[in-house]
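**Student:** Listed below are the residues making up each chain.
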Amino acid sequence: MTAISVQGIEKSYKDLHVLRGVDFEVASGSIFALLGSNGAGKTTMVKILSTLLAADGGTAAVEGFDVAAEPLRVRESISLTGQFAAVDGILTGKENLVLVAKLRHLKNPGRIADWLLAQFNLSDAGNRKVAAYSGGMRRRLDIAMSLIGDPKVIFLDEPTTGLDPEARLEVWHIVKKLANQGTTVLLTTQYLDEAEQLADRIAILHEGRIIANGTLAELKQLLPPAKIEYVEKQPSLEDIFLALVGAGSNDSVKDRS
Amino acid sequence: MNTHFFSDTTVLLGRSMRHIFRSVDTIITTAITPVALMLLFVYVFGGAIRTDTDNYVNYLLPGIMLIAIASGIAYTAVRLFTDMQSGIFERFQSMPIARSSVLWAHVLTSLVANGLSLVIIVLVALLMGFRTSASVLEWLAVTGILALFTLALTWIAIIAGLSAKSVDGAGGFSYPLIFLPFISSAFVPTETMPGPVRWFAENQPVTSIVNTIQDLFAQRPVGSDIWVALAWCLGILVLAYVSATAAYKRQIA
Numbered sequence: 001m002t003a004i005s006v007q008g009i010e011k012s013y014k015d016l017h018v019l020r021g022v023d024f025e026v027a028s029g030s031i032f033a034l035l036g037s038n039g040a041g042k043t044t045m046v047k048i049l050s051t052l053l054a055a056d057g058g059t060a061a062v063e064g065f066d067v068a069a070e071p072l073r074v075r076e077s078i079s080l081t082g083q084f085a086a087v088d089g090i091l092t093g094k095e096n097l098v099l100v101a102k103l104r105h106l107k108n109p110g111r112i113a114d115w116l117l118a119q120f121n122l123s124d125a126g127n128r129k130v131a132a133y134s135g136g137m138r139r140r141l142d143i144a145m146s147l148i149g150d151p152k153v154i155f156l157d158e159p160t161t162g163l164d165p166e167a168r169l170e171v172w173h174i175v176k177k178l179a180n181q182g183t184t185v186l187l188t189t190q191y192l193d194e195a196e197q198l199a200d201r202i203a204i205l206h207e208g209r210i211i212a213n214g215t216l217a218e219l220k221q222l223l224p225p226a227k228i229e230y231v232e233k234q235p236s237l238e239d240i241f242l243a244l245v246g247a248g249s250n251d252s253v254k255d256r257s
Numbered sequence: 001m002n003t004h005f006f007s008d009t010t011v012l013l014g015r016s017m018r019h020i021f022r023s024v025d026t027i028i029t030t031a032i033t034p035v036a037l038m039l040l041f042v043y044v045f046g047g048a049i050r051t052d053t054d055n056y057v058n059y060l061l062p063g064i065m066l067i068a069i070a071s072g073i074a075y076t077a078v079r080l081f082t083d084m085q086s087g088i089f090e091r092f093q094s095m096p097i098a099r100s101s102v103l104w105a106h107v108l109t110s111l112v113a114n115g116l117s118l119v120i121i122v123l124v125a126l127l128m129g130f131r132t133s134a135s136v137l138e139w140l141a142v143t144g145i146l147a148l149f150t151l152a153l154t155w156i157a158i159i160a161g162l163s164a165k166s167v168d169g170a171g172g173f174s175y176p177l178i179f180l181p182f183i184s185s186a187f188v189p190t191e192t193m194p195g196p197v198r199w200f201a202e203n204q205p206v207t208s209i210v211n212t213i214q215d216l217f218a219q220r221p222v223g224s225d226i227w228v229a230l231a232w233c234l235g236i237l238v239l240a241y242v243s244a245t246a247a248y249k250r251q252i253a
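Protein chains in written order, with our numbering: chain A, 1 to 257; chain B, 1 to 253.
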């Protein structure tokens, strides 16, 4: 099953030709990473797929619905977590979740909110204003809001940009759990290790085109075969940091408030 | 139009009403400047101003209320602009909701917030000696005209909020609107003004609205002013609504 299919998508902003014919497909229930440097057009691609922006050319479909012809059906199937946490700082965490549940016309919005607060280790902070949350907590709430209504496809636009290493691991953990439950995840990232850690398939967007698309193993074959070298294994600064602050395991996701 | 328009608008209205009641300062600041102007004109300049009435507060109140509305709608532009900046706007747009409800929630919030500011102003005016024997029907007519004026200006604020490049820009557009009542019959009768100014004052929207409300409060026959006032309000409303909707369509492509 194909969850997302993109064919020949083009988009320009005035003279700037951002997307020059992008093609890719994402299988249902997989994690697909769109990798590219800043300004490569990742966000533009996500906006077109989430019906926020109209493409100049080409076609794109999510869950079989064309984004241009049936945008409402697409919106019923997706959830977008944008580059900047799309939370309401004046409302509390719980009110944010209730708001989205009501806008998705679900029954028992309060119960859904409480359940998600518990799932994302935000129960204690649920009645506090979001303006007082840390970056990691905002991101967790942001993703929790995106899960309401069990969307089939989730777009995560640079979900870990600006997060500290612990919060980053939390987000990775959440994304993996989502995919295990059968949700299709399309994430954009400029971090190579993030794509390597999470994605079933990786596509590299460069100068408006997909220049490589495959599994990590397939992409590795594009390069000359690996040589065996012996290098002393030095701990990375991230290893040291995480060992010192004691957040090595993903199970003990902590609430830093 | 989407079948969820009313329920979505209600939910989003609840959200922005929470914003207002958690920052009551916006309602109070909307009321403070007009109240200060009212004090200034009644107790400082008032003695030197000749109007046909013996009660200058009665004469002044309608214009003061219009100034309050013109400054109050700036908050709507700022709230809309802030939504668009924060990304919550894009979240709403990517959800299966009636898209126009996002704007209507802000518009209705503006009506409520300005209404509350006006209540504060009328209460202060009563303390300062404002008196009217207007009947329920006349009060309803005054409320209706003020609501229509608020609605028309709010849609202008929506255009500003949608097209602004900065928070200052979103809020700043209202200054010329705040200034309009000064060049009208709101503070002094237009007869005292020199030719061109008088022509402008007598033919701009504020004068007909002010005259209508003054007449309604004083239980004088309103004459043709009310139709001119309604025509102005409806004209601005339709024009602003159409431009705002077009600007919105451009935003959400």
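Treat the hints loosely; a few may be bogus.
Just a few of them, taken from the derived set where beta-carbon distance is under 8 angstroms, the chain B residues facing chain A [said to hold, decoys possible]:
1. VAL11
2. ARG15
3. HIS19
4. ARG22
5. VAL24
6. THR26
7. ILE88
8. GLU90
9. GLN93
10. PRO96
11. SER100
12. THR245
13. ALA247
14. LYS249
15. ILE252
Computed spacing ranges between beta-carbons, pair by pair [said to hold, decoys possible]:
16. B/THR245 <-> A/LEU16: 23 to 29 angstroms
17. A/GLY110 <-> B/SER166: 34 to 40 angstroms
18. A/ARG209 <-> B/THR245: 33 to 39 angstroms
19. A/VAL245 <-> B/PHE21: 53 to 59 angstroms
20. B/GLY115 <-> A/LEU237: 56 to 62 angstroms
21. A/VAL245 <-> B/SER166: 34 to 40 angstroms
Calculated from the structure, these hints are not laboratory results. Cβ coordinates follow ideal geometry from the N, Cα and C atoms, glycine included.
**Student:** It remains to establish, for every hint, whether it holds in the given structure.
**Tutor:** Now the hints, each set against the structure:
1. VAL11: Holds, because the Cβ-Cβ distance from B/VAL11 to chain A comes to roughly 4 angstroms (cut-off 8 angstroms).
2. ARG15: holds (6 angstroms)
3. HIS19: holds (5 angstroms)
4. ARG22: Constraint on B/ARG22 satisfied, holds at 6 angstroms.
5. VAL24: violated (12 angstroms)
6. THR26: violated (12 angstroms)
7. ILE88: Where the cut-off is 8 angstroms and the nearest Cβ of chain A is about 5 angstroms from B/ILE88, the hint holds.
8. GLU90: Given a least distance of 5 angstroms, the restraint on B/GLU90 holds.
9. GLN93: holds (6 angstroms)
10. PRO96: Hint holds; B/PRO96 Cβ to chain A Cβ min 4 angstroms, cut 8 angstroms.
11. SER100: It is violated, given that the least Cβ distance between B/SER100 and chain A is near 13 angstroms, above 8 angstroms.
12. THR245: violated (17 angstroms)
13. ALA247: violated (16 angstroms)
14. LYS249: It is violated, given that the least Cβ distance between B/LYS249 and chain A is near 11 angstroms, above 8 angstroms.
15. ILE252: With a closest approach of 7 angstroms, the B/ILE252 hint holds.
16. B/THR245 <-> A/LEU16: 23 to 29 angstroms: For B/THR245 and A/LEU16 the Cβ distance comes to about 27 angstroms; the hint holds.
17. A/GLY110 <-> B/SER166: 34 to 40 angstroms: holds (38 angstroms)
18. A/ARG209 <-> B/THR245: 33 to 39 angstroms: Holds - the Cβ-Cβ distance for A/ARG209 and B/THR245, about 36 angstroms, lies within 33 to 39 angstroms.
19. A/VAL245 <-> B/PHE21: 53 to 59 angstroms: violated (40 angstroms)
20. B/GLY115 <-> A/LEU237: 56 to 62 angstroms: The hint (56 to 62 angstroms, Cβ to Cβ) holds, given that B/GLY115 and A/LEU237 are roughly 57 angstroms apart.
21. A/VAL245 <-> B/SER166: 34 to 40 angstroms: Given a distance of about 39 angstroms, which is inside 34 to 40 angstroms, the answer is holds.
Hint check: violations occur at hints 5, 6, 11, 12, 13, 14, 19; the rest are consistent with the structure.
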